[in-house]
Amino acid sequence: MGERNPQTATGSNTDLVGLYRQMRRVRTFEERVGELFVRGLSAGSMLHLSIGEESAAVGVCAAMKDGDTFTTHHRGHGIFLARGADPDRMMAEIGGKETGYCRGKGGSMHIADMGLGHLGANAIVGGGIPAVVGAALVAQQRKTGAVSIAFFGDGAMQQGILYESMNMAALWDLPAVFVCINNQYGMGTRIDQATRATALHERAVAFGLNGETVDGLDVVAVRDAAERIVDAARGGTPGFLAIDCYRFFGHARKDKSPYRDADEEEAGRRKDPVAFARAALVEAGQDEAELDAIDAAAAAEMDATIDFAARSEEPPLSSMFHDVFAVGEPEPEPLAVRIDRVLARN
Amino acid sequence: MGERNPQTATGSNTDLVGLYRQMRRVRTFEERVGELFVRGLSAGSMLHLSIGEESAAVGVCAAMKDGDTFTTHHRGHGIFLARGADPDRMMAEIGGKETGYCRGKGGSMHIADMGLGHLGANAIVGGGIPAVVGAALVAQQRKTGAVSIAFFGDGAMQQGILYESMNMAALWDLPAVFVCINNQYGMGTRIDQATRATALHERAVAFGLNGETVDGLDVVAVRDAAERIVDAARGGTPGFLAIDCYRFFGHARKDKSPYRDADEEEAGRRKDPVAFARAALVEAGQDEAELDAIDAAAAAEMDATIDFAARSEEPPLSSMFHDVFAVGEPEPEPLAVRIDRVLARN
Amino acid sequence: MAELTYRDALKKALHDAMTEDEDVFVIGEEVGRYGGAYGVTKGLIDEFGAERLRDTPISEPAIVGTAIGAAMAGMRPVAELMYVDFIGMTMDQLCNQAAKIRYMFGGQIGVPMVLRTQGGTGRSAGAQHSQSLEAWVMHTPGLRLVMPGTVYDAYHLLRQALRQPDPVVFIEHKALYAISEEIDLDVPPPDWGRAVVRRTGSDLVIVTYSRQVHHALQAADALAGQGIEATVIDLRTLNPLDFGTIRDAVEPIGRVMVVSEGPLTAGVAAELSARITEECFDFLHDPVIRVAGEDVPISVSTALETASVPTPDLIAETARKMLV
Amino acid sequence: MAELTYRDALKKALHDAMTEDEDVFVIGEEVGRYGGAYGVTKGLIDEFGAERLRDTPISEPAIVGTAIGAAMAGMRPVAELMYVDFIGMTMDQLCNQAAKIRYMFGGQIGVPMVLRTQGGTGRSAGAQHSQSLEAWVMHTPGLRLVMPGTVYDAYHLLRQALRQPDPVVFIEHKALYAISEEIDLDVPPPDWGRAVVRRTGSDLVIVTYSRQVHHALQAADALAGQGIEATVIDLRTLNPLDFGTIRDAVEPIGRVMVVSEGPLTAGVAAELSARITEECFDFLHDPVIRVAGEDVPISVSTALETASVPTPDLIAETARKMLV
Ligand SMILES: Cc1ncc(C[n+]2csc(CCOP(=O)(O)OP(=O)(O)O)c2C)c(N)n1
Ligand SMILES: Cc1ncc(C[n+]2csc(CCOP(=O)(O)OP(=O)(O)O)c2C)c(N)n1
Ligand SMILES: [Mg+2]
Ligand SMILES: [Mg+2]
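Chains as they are written, first to last, in our numbering: chain P, 4 to 349; chain F, 4 to 349; chain G, 24 to 347; chain R, 24 to 347.
Careful, some of the hints might be misleading.
Unchecked claim - Ranges of calculated distance between the beta carbons of each label pair, as one might list FRET restraints:
(1) R:Thr42 - P:Asp343: 26 to 36 Å
(2) P:Asp264 - G:Glu26: 33 to 43 Å
(3) P:Asp264 - G:Gly248: 35 to 45 Å
(4) F:Met117 - R:Thr42: 52 to 62 Å
(5) F:Asp218 - P:Arg199: 27 to 37 Å
(6) R:Gly62 - F:Glu38: 40 to 50 Å
(7) F:Arg42 - P:Glu215: 58 to 68 Å
(8) P:Glu215 - F:Asp234: 32 to 42 Å
(9) G:Asp271 - R:Thr329: 31 to 41 Å
(10) G:Gly72 - P:Ala202: 27 to 37 Å
(11) G:His38 - F:Ala329: 36 to 46 Å
(12) G:Glu26 - P:Met117: 48 to 58 Å
These are calculated hints, taken from the structure and not from any lab test.
In this text, all values refer to a predicted model and were calculated from it rather than measured experimentally.
Just so it is clear, CB atoms sit at the ideal spot from N, CA and C, and this is done for glycine as well.
Please build the complete structure, drawing on both the sequences and the hints.
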């Protein structure tokens with residue numbers, strides 16, 4: 004296995020500065036996604052921002068290594084970015100453009116990249132979870148030393164497939180990890196309106212997994228917990244990690260969260276892992292100018308993604324018939340062609 | 004609400020003699036089901052006998068009251084019988100006969116009777132579980148005081164829908180009970196080959212339910228545990244009860260259980276709740292002749308079921324088109340009629 | 024007469040049914056406080072309370088299963104699936120349980136529930152949020168299937184669905200929620216299960232349902248400008264299927280196009296084509312032409328999404344070719 | 024030449040594929056120690072071990088999901104669903120995930136898995152264990168669909184399925200496991216996706232697959248005794264669908280019956296009927312006749328069960344009527 008954090012071309016992430024940089028990049032990217040939407044450049048409004056959840060993405064990815072695989076839920080931009088994604092190609096995908104990770108077919112909720120082990124974001128709550136059992140099975144059989152991690156939200160804690168998957172992982176001692184990013188809400192439903200069992204990790208423990216809950220305010224704590232859980236999984240003890248945080252904004256771009264009150268929201272937004280890391284760094288004597296430079300670099304990097312997405316082309320109509328089946332297989336006959344054939348009686 | 008045990012036309016079941024009588028009836032019925040199969044009178048071979056599990060059926064039903072509802076898994080003959088079923092109509096149904104509970108359409112795995120609150124046996128492992136959430140919801144909203152109980156096997160503990168259902172029951176404080184009859188096997192898979200988490204009730208506790216496990220050897224212990232769990236559910240705290248027992252015979256009629264060894268099977272069959280109850284009664288000074296009379300009555304009663312089933316008619320072919328939709332709705336057009344119409348061009 | 028949107032007509036139908044019958048209740052994700060992902064139930068919780076607009080955890084299989092149990096126990100649940108795309112998780116409960124309970128149990132009891140959901144393209148929602156899966160339902164004995172295309176029908180078909188003794192799958196179209204009509208809801212609706220002829224023309228018959236009714240009517244208008252007159256039939260319910268109305272229209276004309284947003288192969292259009300051919304064979308000048316979704320998943324790219332399903336242009340263009 | 028059962032041919036296909044390719048493994052309920060509910064994998068665990076015959080908990084959605092992940096990670100899982108009736112629990116994983124992954128992700132990766140299962144009537148197994156649900160699969164873009172009717176095909180189609188780059192749903196028929204044939208497996212099979220003409224006759228064409236091939240051939244024999252000669256086409260795979268073979272048979276004859284065990288409405292027979300009509304319209308003397316399952320659930324009563332799906336008698340009787 005390689006070192007942790009293959010994504011840190013721009014510097015080590017194992018120190019807090021690195022973690023801060025990654026969180027800032029995620030935050031800034033998501034802000035730009037909002038802009039893309041406002042400018043009418045996104046493909047639709049089904050954009051789910053992970054603002055407030057940066058420590059989960061960055062902290063867990065800091066515990067991953069080359070060759071590890073993962074799946075995410077619909078709110079997965081931050082995770083993929085923390086894992087090393089090219090933000091240009093991400094933004095292009097969100098815009099439904101040909102230059103995107105999935106050539107504009109997948110969009111925000113279906114980004115994937117096999118090169119980085121991203122087995123796919125998923126628009127079905129819980130839908131991506133069992134795939135990590137399969138990937139972990141392969142890692143175990145081939146003794147690659149890799150783990151496979153499923154990222155999902157607190158809403159998915161109420162999907163049965165999670166328990167089926169965790170049970171299999173425990174039964175087979177798989178290098179699999181289940182990470183629940185508990186931003187307290189599934190759309191308009193607060194976690195305590197979805198379940199009586201809000202100590203989420205206890206459910207995993209009852210299925211025989213290693214389980215912990217960590218406060219997402221402090222990215223270092225998240226990373227440390229993730230290292231414990233991920234390392235144990237690599238050793239054959241699958242695990243579960245719940246990360247407590249807060250969904251700063253609405254469920255998707257059009258949701259203004261009228262179902263929660265302003266006080267709660269304000270309190271929630273004070274649990275800001277990016278601000279917390281910055282304050283901790285300053286406290287520890289970090290030069291603020293350096294942090295400002297990190298912020299500025301992130302802003303510049305992410306500004307460019309919008310230009311990239313805007314400049315990119317829509318996928319050609321012919322691509323509609325590609326990739327239903329593998330390259331080399333006959334493509335579906337376009338309807339118009341078929342109708343002409345039928346009417347021409349041949 | 005009525006008294007417990009509306010089914011005890013033949014005597015109180017709350018004493019051990021009554022419990023013994025019911026268990027003997029179940030045991031004898033299942034033996035006759037085996038005979039029905041051997042005599043070629045059953046509809047197919049998908050017959051799942053509950054021999055060895057009588058205390059679960061009888062003990063839990065002893066905690067139920069008039070108006071309560073329940074669903075069962077595919078191994079549900081004993082439960083329904085303990086709840087008051089007419090064994091003749093059961094046997095006829097198992098034979099696919101018109102006089103059966105479901106007019107021969109359902110068979111062993113789909114017996115139901117609305118009069119006794121039996122919302123249906125199910126051939127889908129876990130398939131009948133969520134219906135009790137709905138029935139409990141209605142009981143709660145209408146304040147009927149009824150509980151609804153899902154009976155299922157240890158195999159269903161690995162079906163996600165159980166957790167979704169338990170979570171809802173806990174969230175809404177429903178009068179619902181989940182009863183797992185742990186006969187140690189799901190077909191050829193021993194429970195510890197299906198999960199690492201063999202303390203089954205802990206999973207329910209992790210979802211916020213009342214949870215217990217009880218040894219099924221002693222029907223009195225089962226009844227007492229069931230009363231605790233069922234009474235609490237009636238009061239708004241849903242519960243889960245696992246009953247440990249042993250599947251004495253194969254999974255279905257053709258399975259000889261080659262996957263388990265003779266020693267284990269012998270030891271398992273020594274955990275016989277019927278024999279245990281009888282021994283306890285004798286120990287307590289019960290007249291054995293009276294017990295023999297109970298056994299003889301059960302034998303006579305159940306012998307008659309075979310005659311009844313054998314004498315009964317197959318359902319008429321026309322019934323194939325009944326009950327797809329409600330009475331009064333047009334029935335599906337039989338294919339042969341349709342084809343004639345098409346060929347006649349009208 | 025009132026101007027009403029499809030969304031509000033659905034809401035009013037729920038409202039009126041819940042007012043008339045206290046056994047009717049709604050259960051699903053975000054149906055209460057949030058008011059439904061597409062706003063259909065917005066505000067109802069204020070009037071009827073959280074028990075009758077029951078918000079659930081994200082547990083689709085158990086939502087449908089709960090509705091089944093509640094229906095068997097005597098109430099009339101309206102279970103909501105936020106997207107028909109999630110029906111895959113519930114096909115066991117829907118097709119092995121709800122659809123078969125009356126039959127398996129020898130007619131003892133039915134499952135009078137409505138499964139409300141919405142499908143179709145139109146919001147760049149991608150492959151898992153844009154499907155038209157009605158064919159799976161239509162293929163399952165024991166299920167009714169309703170697909171309203173108009174505001175008036177949204178109201179009345181939902182009211183009628185809520186009076187059925189059997190399980191009804193009621194599929195709205197996400198692109199229709201905002202359409203509005205001047206309608207008089209007091210005009211009595213057609214009988215349950217009847218199709219409606221939306222437009223009469225003597226050159227060809229277009230048989231369709233849900234949003235494609237609008238596409239077909241748009242196409243018919245365009246065609247009229249070119250001297251081609253189409254009859255457009257809105258099926259309204261796919262089960263029951265009103266074949267009589269189709270036959271009456273088809274026999275005198277003999278040229279038929281069936282239009283469905285679902286994928287072509289083994290879809291609703293196939294059933295309609297087969298059935299029409301069987302029953303009207305001698306009247307057909309040409310084979311029934313299927314205009315349906317391409318046999319591909321739906322892309323998030325708006326360009327690809329739009330081109331993946333029948334458009335008014337494709338319908339009109341196909342009609343012109345049929346009449347050459 | 025060897026006498027082999029359908030069951031053993033399937034086992035041999037798995038055996039040979041697992042021997043050749045160590046990435047092939049079987050995962051499902053009771054596939055290992057028990058040897059499969061219908062005995063198809065019996066004994067394989069002794070040769071290949073418990074990792075390659077992986078017994079699972081009863082968790083159908085996660086079984087399919089696990090196979091997807093394993094396929095994406097580079098192996099070739101054969102996931103087994105004990106009965107196709109359980110596919111309802113897995114339709115999300117199968118149709119929203121496996122079927123769409125290549126497309127949604129822009130062609131980056133495929134899901135080369137095989138979902139083996141069995142369906143159909145014949146064992147008084149009741150409404151939830153006797154269905155023919157292939158239409159749901161056929162309607163889903165991105166899935167291959169294989170339904171072998173013969174021993175030789177059971178072997179070769181499974182071998183071919185295990186070489187496909189895309190997900191394959193492979194549906195056996197429970198009533199066929201015990202049939203046996205003298206076959207030479209070394210005779211090279213038809214190309215992937217090709218139908219086979221099982222019998223040639225000039226009076227009508229019967230297009231079918233899976234167990235109904237046998238019913239059709241039995242019927243054809245009976246008809247031959249009465250001077251009616253039928254061509255019988257065994258489709259073998261429903262996706263790909265070999266329409267060329269159908270067309271070649273249909274055009275010269277012009278009388279077609281399609282036979283499918285699944286329920287009539289919106290089923291495979293509808294697709295075949297629609298397609299044949301579209302492409303061979305001018306050659307048809309009569310509408311394509313569908314002989315399919317009744318639109319009812321399957322009863323446990325043997326009498327009702329048998330009458331719910333096409334029998335050789337019904338096929339022969341229908342053919343006679345077609346030729347009056
Ligand atoms: C199976 C399924 N059910 C419902 C939805 C609609 N939906 C999308 S996101 C969401 C909330 C998910 O909450 P959570 O898992 O906490 O993730 P978060 O959005 O908070 O990141 C819902 C209900 C869906 N996409 N898939
Ligand atoms: C969803 C589903 N999966 C698999 C099966 C096949 N099957 C029938 S019974 C059974 C074992 C069930 O075990 P358990 O729940 O312990 O019940 P038991 O048979 O021991 O009473 C299996 C796998 C099924 N009927 N339904
Ligand atoms: Mg959340
Ligand atoms: Mg068991």
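Hints and how they fare:
With their beta carbons about 48 Å apart, R:Thr42 and P:Asp343 fall outside the hinted range of 26 to 36 Å. Distance hint check for P:Asp264 and G:Glu26: the Cβ-Cβ separation is about 34 Å, which falls inside the suggested range of 33 to 43 Å. The hinted range of 35 to 45 Å is not satisfied by P:Asp264 and G:Gly248, whose Cβ atoms lie roughly 55 Å apart. At about 55 Å, the CB distance of F:Met117 to R:Thr42 agrees with the hint of 52 to 62 Å.
Taken as a hint, the range 27 to 37 Å holds for the pair F:Asp218 and P:Arg199, whose Cβ atoms sit roughly 28 Å apart. For the pair R:Gly62 and F:Glu38, the beta carbons lie near 26 Å from each other, so the given range of 40 to 50 Å is not met. Range check, F:Arg42 to P:Glu215: Cβ separation about 59 Å, and the 58 to 68 Å hint holds. Checked against the hint of 32 to 42 Å, the pair P:Glu215 and F:Asp234 passes, with Cβ atoms roughly 36 Å apart.
Between G:Asp271 and R:Thr329 the CB atoms are about 37 Å apart, so this pair conforms to the stated range of 31 to 41 Å. The hint said 27 to 37 Å for the Cβ distance between G:Gly72 and P:Ala202, and at roughly 29 Å that hint holds. Separated by about 26 Å at the C-beta atoms, G:His38 and F:Ala329 break the suggested range of 36 to 46 Å. For G:Glu26 and P:Met117, the Cβ-Cβ distance of about 52 Å falls inside the hinted range of 48 to 58 Å, so the restraint holds.
In terms of the numbered hints stated before, the structure departs from hints 1, 3, 6, 11, listed from lowest to highest.
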